[in-house]
Amino acid sequence: MSLKGRDVISIRDLSRSEILEVLNAARHLIPVAEGKKRLETLDGRLLALAFFEPSTRTRLSFETAMQRMGGKVITIADPTVSSVAKGETLSDTVRMLSCYADALVLRHPYEGASRLAAQLSDKPVVNAGDGAGQHPTQTLLDLATMLERFGTLSGLRVVLMGDLRYGRTVHSLAHALGVFGAELVLASPPSLRLPEEVHRDLDQMGAKVREEEHLDRAVKDADVLYVTRIQKERFGDLAEYARVSASYRFDPALLQKVKSTFIVMHPLPRVAEIPPEVDRTPHAAYFRQAFLAVPVRMALLSLILEGRTGARG
Amino acid sequence: MPGASSQPSGKELRITPIRNGTVIDHIPSGLALEVLKVLKVENLDRDSEVSVALHVRSQRMGWKDIVKVENMELSPQKSNAIALIAPTATISIIRDYKVREKHPVSLPDRLVGVLKCPNPNCITNHGEPVESEFEVVRRRPLAVRCAYCERSMEEFLPHLAR
Numbered sequence: 001m002s003l004k005g006r007d008v009i010s011i012r013d014l015s016r017s018e019i020l021e022v023l024n025a026a027r028h029l030i031p032v033a034e035g036k037k038r039l040e041t042l043d044g045r046l047l048a049l050a051f052f053e054p055s056t057r058t059r060l061s062f063e064t065a066m067q068r069m070g071g072k073v074i075t076i077a078d079p080t081v082s083s084v085a086k087g088e089t090l091s092d093t094v095r096m097l098s099c100y101a102d103a104l105v106l107r108h109p110y111e112g113a114s115r116l117a118a119q120l121s122d123k124p125v126v127n128a129g130d131g132a133g134q135h136p137t138q139t140l141l142d143l144a145t146m147l148e149r150f151g152t153l154s155g156l157r158v159v160l161m162g163d164l165r166y167g168r169t170v171h172s173l174a175h176a177l178g179v180f181g182a183e184l185v186l187a188s189p190p191s192l193r194l195p196e197e198v199h200r201d202l203d204q205m206g207a208k209v210r211e212e213e214h215l216d217r218a219v220k221d222a223d224v225l226y227v228t229r230i231q232k233e234r235f236g237d238l239a240e241y242a243r244v245s246a247s248y249r250f251d252p253a254l255l256q257k258v259k260s261t262f263i264v265m266h267p268l269p270r271v272a273e274i275p276p277e278v279d280r281t282p283h284a285a286y287f288r289q290a291f292l293a294v295p296v297r298m299a300l301l302s303l304i305l306e307g308r309t310g311a312r313g
Numbered sequence: 001m002p003g004a005s006s007q008p009s010g011k012e013l014r015i016t017p018i019r020n021g022t023v024i025d026h027i028p029s030g031l032a033l034e035v036l037k038v039l040k041v042e043n044l045d046r047d048s049e050v051s052v053a054l055h056v057r058s059q060r061m062g063w064k065d066i067v068k069v070e071n072m073e074l075s076p077q078k079s080n081a082i083a084l085i086a087p088t089a090t091i092s093i094i095r096d097y098k099v100r101e102k103h104p105v106s107l108p109d110r111l112v113g114v115l116k117c118p119n120p121n122c123i124t125n126h127g128e129p130v131e132s133e134f135e136v137v138r139r140r141p142l143a144v145r146c147a148y149c150e151r152s153m154e155e156f157l158p159h160l161a162r
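These protein sequence lines map, in sequence, to chains A and B. Counting from 1, one number per residue, gives the positions in the first sequence under this note's numbering. Counting from 1, one number per residue, gives the positions in the second sequence under this note's numbering.
These aren't lab readings, by the way, just hints derived from the structure by calculation. Check each hint, because a few of them may be wrong.
What the hints assert, rightly or not - To give an idea of the interface, some chain A residues facing chain B are shown, with a C-beta separation under 7 Å as derived from the structure:
no. : residue
1   : Thr-75
2   : Ala-77
3   : Leu-90
4   : Ser-91
5   : Tyr-110
6   : Glu-111
7   : Ala-113
8   : Arg-115
9   : Leu-116
10  : Gly-131
11  : Gly-133
12  : Glu-197
Treat the numbers as computed from the prediction; the structure is a model and nothing was measured. Every residue gets a Cβ at the ideal spot worked out from N, C-alpha and C, and that includes glycine.
In isolation and in its complexed conformation, chain A is listed as follows (with noise of 0.2 Å):
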């Protein structure tokens, strides 16, 4: 099925193989996001940015993509100085913005508006993060940066490390990596642990999945550590807060016991789970992942609302 028209609320709305079809574009497009080359694929398109809550990095990579496939953006950046302001609903937000512009990206505070906002709307809508919540384009530039770096998701031991209990999106990439077959192992505080339902929706995918709460015994033959943060408000006690965050901090020293091909990913902003030793060394994947977030949004962007991206490949 064709992405054209198409609303990307969760990583469950996209097949294998459609999102297979954005990865594979997005690597036809690194040279246009690193502006070596030029395209005007969405020349003449206009897309909606409605960000009710910060994100700097998300929105000036949505920002980024279209522009440098030649659209052009509208963007509602700070919720306080809009009608929004005023009381008005999500609901008609949406409404008007899809009167205006082609393609509507939204990131919201509450979970489920970016389904909610695709109901409304007759443009298609991106999810960009709703609250702790679905964020599917995350996980596609995660899936990214492996597929570069391996060449293949099929098989990779992807050791995800830290809130494996409140991060959603680090739920969406465990679905995601489920469906391609990589093997996952879990390493989280007890008070942080991946939910039973997520359990439960890997173990019907049939994914490899075991749990190993020593970081050193994890990461040996892994391929992938993927790190996410862990936020001080899951704590009610700053004491219990200050253990835990500090035993899941990635030690440079174990980069001495992994594979020379071994990784390290991050959503980022990192705080102090990555020690900046580590940004030296070639096991450091987390800034192309934050740069493979271009390609990936202009691939997503291109196929929702032309059906191709127009680079060669």
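Let chain A serve as the given structure and place chain B on it in line with the hints.
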């Protein structure tokens, strides 16, 4: 079939036959009052009779509850809500003292306006003009997932949309 629905035994159960209305039989014992909340019997007209039998012997279930309401037929939403909290229930529609329809409750694949999402951060709990919607993701044991925030739930009684 035992119980008051098809063969009213006024002496034993002290429930009189009704001319028109609905009998909900085979409610798991202890849940009749929850079923009454779903039915919103307080909104019935003053001349309608409501009978409740609690902890009645049942061949099939051991113990059960029965609710009989005059002059009311169930909307699909109420029927779905009863299916969630009392999956063993059977519903009989009475017209002119006769059982015209009798069927077990059944749960559709999607539930609209029946439950309130337990996730306080779900968009359906924030003043938007939208009805809650859940899809059944597993039937035994029953689990449903919010069509908006994708949060799953397996406990329904505290989350019925009243």
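message = I'd like to know which numbered hints this structure contradicts. Please list them from smallest to largest.
response = Failing hints, ascending: 1 and 2.
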